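Visitor: What follows is each chain in one-letter form.
2 protein chains.
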Amino acid sequence: MNFLEEKTLTETYHFKGKIINLRVDDVELPDGSTSIREIIEHPGGVCVAALTADGRLPFVRQFRYPYKEVVTELPAGKLERGEDPLDAVKRELAEEVGAHGANWRSMGKLYPSPGYCGEIIHLYACDIDIAGESHPDEGEFLEVEYIALADAVQMALDGKLPDAKTQTLVLKLWAESQQKNH
Amino acid sequence: MNFLEEKTLTETYHFKGKIINLRVDDVELPDGSTSIREIIEHPGGVCVAALTADGRLPFVRQFRYPYKEVVTELPAGKLERGEDPLDAVKRELAEEVGAHGANWRSMGKLYPSPGYCGEIIHLYACDIDIAGESHPDEGEFLEVEYIALADAVQMALDGKLPDAKTQTLVLKLWAESQQKNH
Chain S
1 MNFLEEKTLT
11 ETYHFKGKII
21 NLRVDDVELP
31 DGSTSIREII
41 EHPGGVCVAA
51 LTADGRLPFV
61 RQFRYPYKEV
71 VTELPAGKLE
81 RGEDPLDAVK
91 RELAEEVGAH
101 GANWRSMGKL
111 YPSPGYCGEI
121 IHLYACDIDI
131 AGESHPDEGE
141 FLEVEYIALA
151 DAVQMALDGK
161 LPDAKTQTLV
171 LKLWAESQQK
181 NH
Chain Y
1 MNFLEEKTLT
11 ETYHFKGKII
21 NLRVDDVELP
31 DGSTSIREII
41 EHPGGVCVAA
51 LTADGRLPFV
61 RQFRYPYKEV
71 VTELPAGKLE
81 RGEDPLDAVK
91 RELAEEVGAH
101 GANWRSMGKL
111 YPSPGYCGEI
121 IHLYACDIDI
131 AGESHPDEGE
141 FLEVEYIALA
151 DAVQMALDGK
161 LPDAKTQTLV
171 LKLWAESQQK
181 NH
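Chains as they are written, first to last, in the numbering used here: chain S, 1 to 182; chain Y, 1 to 182.
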């Protein structure tokens, strides 16, 4: 599908931050004309649906500053430099929820907003082996709540889980369980 | 849940672009300490699952520059300034796929990456009334393919639809149809 491809002509950084960088590239389009692309660079993230023996998942409620509202999400976080995604997601589950998982498996990747953002969120599922207390990072404030998978699916359908990774992972886990039952 | 809230102290723009702006805010955390937040502003987007009479959905394949790869997505686009999301999604379906929808309904909202990005993607479903030819914007290069809903669900589970809005909307539409059948 090379006839869709865009070629980089120049890359110019306008911002390098703690978490994100912003770059504006000149590109050559498939018809030979040129345009610009505004690009956010991000180190990548992880997210986990961690199932208890009685079919519930831990969720985290935290204030999401860009929306100025409290959002209910599955445990998640960003990759440290050079960190393996599986190590990162185990760390986040321990920090945010205090739980340790078993039977870890990949649930695929998520591109949050592929028009301008290069972040990749790695999705995982696991079983909760040991539940405990959360130990959030300094400057991180959150509440943990366990919700049954079927109730979380209904919350996603009712618009109560707007976060992209959370909706996707809850619905994927449920779709898998439905397929196994048929 | 005011005990989770972060208060804005200052806002500083570092980039104002064609599509996105980047702002760094000083904030006061719930414990009275201060931190910074790197924020992307975006006008918002729309996405549609448009079902044909025989249960297929039009998808769009296009080169996504941040990932340097061709990504398969449901028809989508960004809001023009002041545009109503429903008008925007009808416009995008006509431009990208050449189809006109009927029985439009909201499928909720999507927050792509709520840690740093303020974009809201408005999700819709409709029935395809009139199919036609795509009329992409100048500088927009894409291919259209119709895929059966059940096959799209399997593609999402197999990791072949990494785009967040696409995975979410396909799985939501399928979950709704499963609930109706039970």
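Calculated from the structure, these hints are not laboratory results. These numbers were taken from a predicted model, which means no experiment stands behind them. Treat the hints with care, as some may be off.
[Said to hold, decoys possible] Cross-link-like lysine-lysine pairs, in silico, BS3-like; alpha carbons within 27 Å at most:
| no. | chain 1 | residue 1 | chain 2 | residue 2 |
| --- | --- | --- | --- | --- |
| 1 | Y | Lys160 | S | Lys16 |
| 2 | S | Lys7 | Y | Lys7 |
| 3 | S | Lys160 | Y | Lys7 |
| 4 | S | Lys18 | Y | Lys68 |
| 5 | Y | Lys78 | Y | Lys68 |
| 6 | S | Lys109 | Y | Lys78 |
| 7 | S | Lys160 | Y | Lys16 |
| 8 | Y | Lys180 | S | Lys18 |
| 9 | S | Lys68 | S | Lys18 |
| 10 | Y | Lys109 | S | Lys68 |
| 11 | Y | Lys78 | S | Lys16 |
| 12 | Y | Lys68 | S | Lys7 |
| 13 | Y | Lys16 | S | Lys16 |
| 14 | S | Lys109 | Y | Lys160 |
Visitor: Find the hints from earlier in the document that the structure breaks and name them by number, from lowest to highest.
Guide: 1, 2, 7, 8
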